[in-house]
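J.: Chain by chain, the residues:
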Amino acid sequence: MENIGNKRRLSRWLCAWVCSLAVLCGSFCFAAEDEPTPGELLKKTGQLMKAKKYEEAIATMYAYLEITDISTAQGVIRIAQDLRFKLIVTLIEHTADDRLAEAAEVLQTYIDRPLAEHPRLARSMLATCFFETGKFDLSATAAKNALLFDKDPTTRAGAKAWTPDEEEMFSKFVPMDYELEYADEAVTALYMTIAESYYKLERWEECIEPYQYVAEHTLNSQHKGYSIMQMINAMVAMPDFDRIAEWIPVLYRTPARYDIRVNLALMDVAAALYDEGQFDEALPLYRMILPREELIAYQEARLRELRIEKELPPEEDMKVSDAEKDIFGIVDEPKAATGEEDAASGEGAVKPKEIRELEGLIQTVKNLPPYETDIKYRMAQIYDEVGRFWEAVKFLDIVYKEDPQSKMGEFSIHQIVKILLQKLDVLSEAEEHGFAFLEQQKTGLKARQVAYLFTNYHQKKDEMEAIKELRPYLDSFIRAGDDSSVTNGTEVYKAIVKYDAELYYMQAVADLVLFKFAESETGFKLVADEFPGSHQEGNALYWHGMTQLFQLKFTEAHAVFEDYAQRFPEGEWVDEVSYQGGVCLFGIAGNTQEPDYTAASNRFSHVIATYPNPNPDEPGFSSVFPDACSMRGDIYGSLGTSKGLEDAEMDYRTAIAHAKKPAQATYAVFQLAKIFKATDQYDKSIKIVEAYLDQWKEEADIAKALFWIGKSKLQKRALMEDEQMANALVDEVVDDYLAAIMEYGTDVKEEGVDLMIEELVRVSSLWLDFDKQEALLAELKASAEATDDLVLKLRLRVTMAMITKTETELGRQLLAELPDFESVSPPVLAAICKISIENKDFSRAEELLGIFETKFEDSDYMRMAYKLRSLGQFADEDYEDALETIEDAQSRYSGDPDMAWAQLMKAQLLLERGDFASAISNNLIVIGVPAWRGEPVVQATYQLGQVEEQAGVKGPIEERDKRVARGFAYYQRVYYQYKGYAKGYWAAEAYLASARCLDILGQETDRRNTFIALLYDPFVNTLPQADVARKELGPDKVAEIEAKMEAGAVTNIIITVEMDAPEAGTNETETVESEAPETEPVATGGDES
Amino acid sequence: MKRLLFSLVVLSVAAASGQVAQSGTPARLEVVNGKVVKAFLQSMEDGILTFQQSKSTRNVPAPADKIRSLTFYPKYDSVAVEHSFNEGDYSSVITTLGPVMEPYWDYMAISNNLQTAFGMLVKSHLREEDYPKVQSASEVLMESSNPDLVVQGQVYAALVALSNTTTNGVVATNSLVLAETLRGEVASEAAGLYLQACIERAKGAPREASKVVAEMIANHGNDLDWMPQSELLSAYLYLDQAITNSAANCARQVQSIYGGSNVARDAEKFRAKLPVEEPATVEEPAKTEEAAETEEAAEPAEAEENTGQTGMQKE
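Those sequence lines, one after another, are chains Y and C. Residue numbering for the first sequence follows the numbering used here, beginning at 1 and increasing consecutively. Residue numbering for the second sequence follows the numbering used here, beginning at 1090 and increasing consecutively.
Just so you know, not all the hints are guaranteed correct.
As the list claims (entries may be wrong) - Chain Y is faced by these chain C residues, among others (derived, beta-carbon under 10 Å):
(1) K1300
(2) V1302
(3) I1306
(4) L1313
(5) M1316
(6) Q1318
(7) L1326
(8) Y1347
Stated by the list, open to error - Subject to a maximum C-alpha distance of 25 Å in a straight line, what follows is the list of computed BS3-like cross-link-like pairs (lysine-lysine):
(9) K1300/C x K401/Y
(10) K674/Y x K749/Y
(11) K1362/C x K423/Y
(12) K423/Y x K1127/C
(13) K661/Y x K749/Y
(14) K86/Y x K401/Y
(15) K401/Y x K468/Y
(16) K1155/C x K423/Y
(17) K805/Y x K772/Y
(18) K1155/C x K1127/C
(19) K200/Y x K353/Y
(20) K53/Y x K43/Y
It should be emphasised that the hints constitute simulated quantities derived from the structure, not laboratory data. This structure is a prediction, so every number in the text was calculated from the model and none was measured. Note that beta-carbon positions come from the ideal geometry of N, C-alpha and C, so glycine has one too.
Based on the provided sequences and hints, a complete structural model is requested.
T.: Spelled out as structure tokens, the structure:
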């Protein structure tokens, strides 16, 4: 049985062989005469391949396949399939790329036909061919088929279906032993092909899974990185940022960055993520991007390795010695048979595709513009965005140092300074970076922007001095761009001008805040003049006017405000300038001899009429409305008529009702309180102040309000008939004041507390009996000891000193105790000023006045600081500044009773300057002010004598006697009329001055008589000036006078005096009556009548 | 059958007698020349590894730098340990790995298959502030001929020194000196910068420390050995400077960039302890150069607003 079977099989095989042979022979016979036989073709193919004549071999193989195509014989088919596979390999390996499509066709036939020895390999090759020829759809399908076939060859995946006849025929063939299944690397490669194909087709979702397979299975870390990179690329394109986040850390851990394609992709993906705000994902990608040189160096090393691997010299055009060939295992470069020549080498060599690709990629990288700085800049932006400021500064610094002059460099330094100032608040480092930049960068926008950052920083911190320190940089700027494209009129140039305007404006603001009004005035004027049409022009003009107003330059300020109103009729300050113009008119009127406030009043009326709307959101509203009401109220009030007071009250009430800021209400309330005080309407006063407290609560000036309530109560007390009730009210006020002082006295700026202290002292001296005063002092002392607050402690101490009239002593103590005057309230400062004046210690006069000016500008106690300062300046013979200080003081306090000193000193200053006429008129002003009656008038009279005396001595000779005599008359009036003032000081001085005048006039006898009169005058004869008289008269005459005084003589108004000798040489004496004073005869008789 | 039983008895007796004779830590030892020896490690002192070859009780001393690697055979679930570590569950790592590593601890200066596990264990001790253990590990590592391990040892030793604070929380002077000395000896620039930042922080100078970290990040952004903890340190430093949002954002980035690692988990824990975090500042992309350029002209408008700071602008 077995034999039979074998025989049958053998006969079947023989039949098939014979048949096929017959077919072959038939074919061969048919073509025998002029065509080679299949056998010859096969033989020739072998020869041509051996000779590396690939094109001819391919033609021969095609010829063979054509001839045998019709054969269905198993053997022929098998041979044809083998040859077909050889053809495929030749097409792929030994020809140019454009024959891959051809190879694909042959491959498909190979796959379709039976008896293929390499069906798996063919399928993967087909996928590659399709891919390489750009048929990505087909390549993906082919790769999938390859994988399917690999798992189950019976599926014949990727092959065309056989017809039933074919099926039947081929089923009879002896099946081939299938090649081995794909190795893992091959499977991964197929997945890569699928992924890459879909990626090329932009079928993002479909490419992710195969890439992921590669990433998870490949053993090549670079392939892994590349796959992840491509997945991320696809996810960005989709977009699907959530999934990206998963893969970024994995990618970051791979060395994929060394792959050129990955590096290039990293840049794109990172930029895409950055633009999407996916900073956390973009950051590691940016980090991964290798610097160009590093990447090129790495890949060139790889290229060398690859060349050696492919048996080429490591370097292009390298002359390789035999020994090196041995080392590198190099063979001669294959000459081109059919392929392209390497254009670069020109040697006609055909390079393997991998090498050509890598060289191309390296060239791509070399052709890229430098990107490292841009990457660093991007990373800096990310760090800045997420608040990693130190990292941002570091990266920006790197960028800046790479090329400080570049646009990016300038952006970086600006951003560095911005971060250091605004985010990290590190001034010193910001200055280190920024100032170095400003030192060298004088043009362009960035220098201005950096300067602006510093200005803005200091402004927010109220560091105006620091802003002023930037001025030299601003002055050194050149108004030009960084390059020639920036010309007058371009946007950048306009921005430069805008910044300059802003920076100079801020300089002026700084001066203003520092109370440097003159500098500020110049600064605002500069902005208004030099930057016409700038965004700050209107502001600068307004503040220019305001700085003039602060300097009491009413006329100039008024002109500026009018200018503003004309140029900016719709400007934001138009209501303000209208109002401030009124303030100027008020000031101008006040500087005249007979003030007429009509113009000012009209202006305030205009403001009131123009902006009557209390609603800020509606037209016709202005915040200056209440101020205008108060100012007009002041004018009405100053009229002193009952109608005026009524109108003033109405205006103040309107101001209170419309007040939008506490200060507006505060001013009007207390002005109203003053009116009520003046008109004895204490109940109204209390009511208005209490209403004010209710309305403004914590924002109100509570201490001042309490002061006024107490003061009104005390006023009420004066009208009480019941003494017990009156005393009880005093006690109540004392208690209220004490409580308020304790509560608010810790704030050095509480003016109301200082007013209460003053009032408390007044109450104590007027209405408290000894016991109550002692009790009050004890309480003050206990409170002072109990508190740790220095401000309050000092206030309590000065209150006690004022009650016990020991301020001078306290001032002395405080001068020794206090290292600085930061925590010192105005009354305490005033005490210190007082002792300084007494000691003629002017060393801290400027500081003390400065404290008042900056902290207690409205304090009444400031006048003492003015006095100290002007005395100091006078002592230093700094007459100009002294005059300025005095005028400042007078502008604040003018004719207040205790301000006579200012007028007197002003007159003296004018005398020192030789301006006799002004000196006289200023002294006469003192005499004309009712409030200054008393010692100021005495001093003014004496000073008038001085002026006349000086004018006589220094003036024209023909007027000498007349003026000296006039001076004598003033002196004489002093010691006749005012001898009791200042404990006789002025009288004594006047005696001596009179004697001096008489000496000038040559009236020696009168001169001696004046000395004699001095010694008789009990108001002055014990003063030091009397010693001058004694010396002049000599001991005998002095003894005589003393003897007479002991005998009862009290004056020499009518006395025996020495007469000038009628003739020269005589020395007689006779009794004559002294000249009576011109003004008032006060003679009381004498001993030598 | 009898013969088989007899053979088994003989083998078991031999094995038992072998166990008695061969004490030490079993290991496969590969010498630099490629020779492989089955050995029982006896000790490692002063750079000398003493071992006994299998079936020999003779102690053989060998310079550690002549040993290419050691292979140990501990039994533990390395996947579970790695998982615990990456989850930041350090106590669990210590519980599991501590006893396992005990016999191998002294030999960690030599390259071996437990190096990664040892690294996880030491880091876990550091996180759990078991400084004596870290100190011990640092001493072992500093003995190594592998420069990377020496650097690790130096950094660990310095960190232990910096943990030596007084009751006021100030680092003891001598400890600071020691840390700075070690910092000077660290051969790796990245590790050195990380350590420098730690020292600055210990000195109470978080700003300086931040600058050092920034330097480290700028110069060694792809050094994944030292970057994660450096970046996490940066988050701590922002918190030290009371810039809470920056600290939170920095920690969030660590979580994202080093996702799946223990440092990412540490960052997560750090964030959880922070005060209430304001919304992340990533709403809008940062200004690119072009964008910034177009905004330039607009900036003075900002300036106008800012003048309000001094009350110079109308209300």
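J.: For each hint, tell me whether it holds in the structure or not.
T.: Verification of the hints:
1. The closest approach between the C-beta of K1300/C and any C-beta of chain Y is roughly 6 Å, which is under the 10 Å cut-off, so the hint is satisfied.
2. With its C-beta approaching chain Y no nearer than about 7 Å, V1302/C sits inside the 10 Å limit, and its interface hint holds.
3. Contact between I1306/C and chain Y, as hinted, is supported at the beta carbon level, the nearest pair being about 6 Å apart and thus within 10 Å.
4. Here the hint on L1313/C is kept, as its CB sits about 6 Å from the closest CB of chain Y, short of 10 Å.
5. Evaluation of the M1316/C hint against chain Y yields a held restraint, the C-beta minimum of about 9 Å falling below 10 Å.
6. Using the Cβ-Cβ criterion of 10 Å, the hint placing Q1318/C at the interface with chain Y is not satisfied: the shortest such distance is roughly 15 Å.
7. Taken as an interface hint, L1326/C checks out: its beta carbon lies about 8 Å from the nearest beta carbon of chain Y, inside 10 Å.
8. Hint status for Y1347/C: holds, given a least beta-carbon distance of 6 Å to chain Y, under 10 Å.
9. Using a Cα cut-off of 25 Å, the hinted pair K1300/C and K401/Y holds, with the two alpha carbons roughly 17 Å apart.
10. Straight-line distance between C-alpha atoms of K674/Y and K749/Y comes to about 22 Å, which keeps the hinted pair within the 25 Å bound.
11. A threshold of 25 Å between alpha carbons decides the hint, and for K1362/C with K423/Y the separation of about 23 Å falls inside it, so the pair holds.
12. Between K423/Y and K1127/C the alpha-carbon distance is near 62 Å, which puts this suggested pair outside the 25 Å criterion.
13. For the hint linking K661/Y to K749/Y, the alpha-carbon distance of about 18 Å falls within 25 Å, and the restraint holds.
14. Under the criterion of a C-alpha separation no larger than 25 Å, the hint pairing K86/Y with K401/Y is inconsistent with the structure, at around 62 Å.
15. With a CA separation close to 29 Å, the supplied pair K401/Y and K468/Y exceeds the 25 Å bound.
16. Our distance criterion of 25 Å between C-alpha atoms is broken by K1155/C and K423/Y, whose separation comes to about 55 Å.
17. Of the pairs offered as hints, the one joining K805/Y and K772/Y holds, with about 17 Å between alpha carbons and a cut-off of 25 Å not exceeded.
18. Using a Cα cut-off of 25 Å, the hinted pair K1155/C and K1127/C holds, with the two alpha carbons roughly 16 Å apart.
19. This hinted pair checks out: K200/Y and K353/Y have alpha carbons roughly 20 Å apart, not beyond 25 Å.
20. For the proposed pair K53/Y and K43/Y, the alpha carbon gap of about 14 Å is at most 25 Å, so the pair holds.
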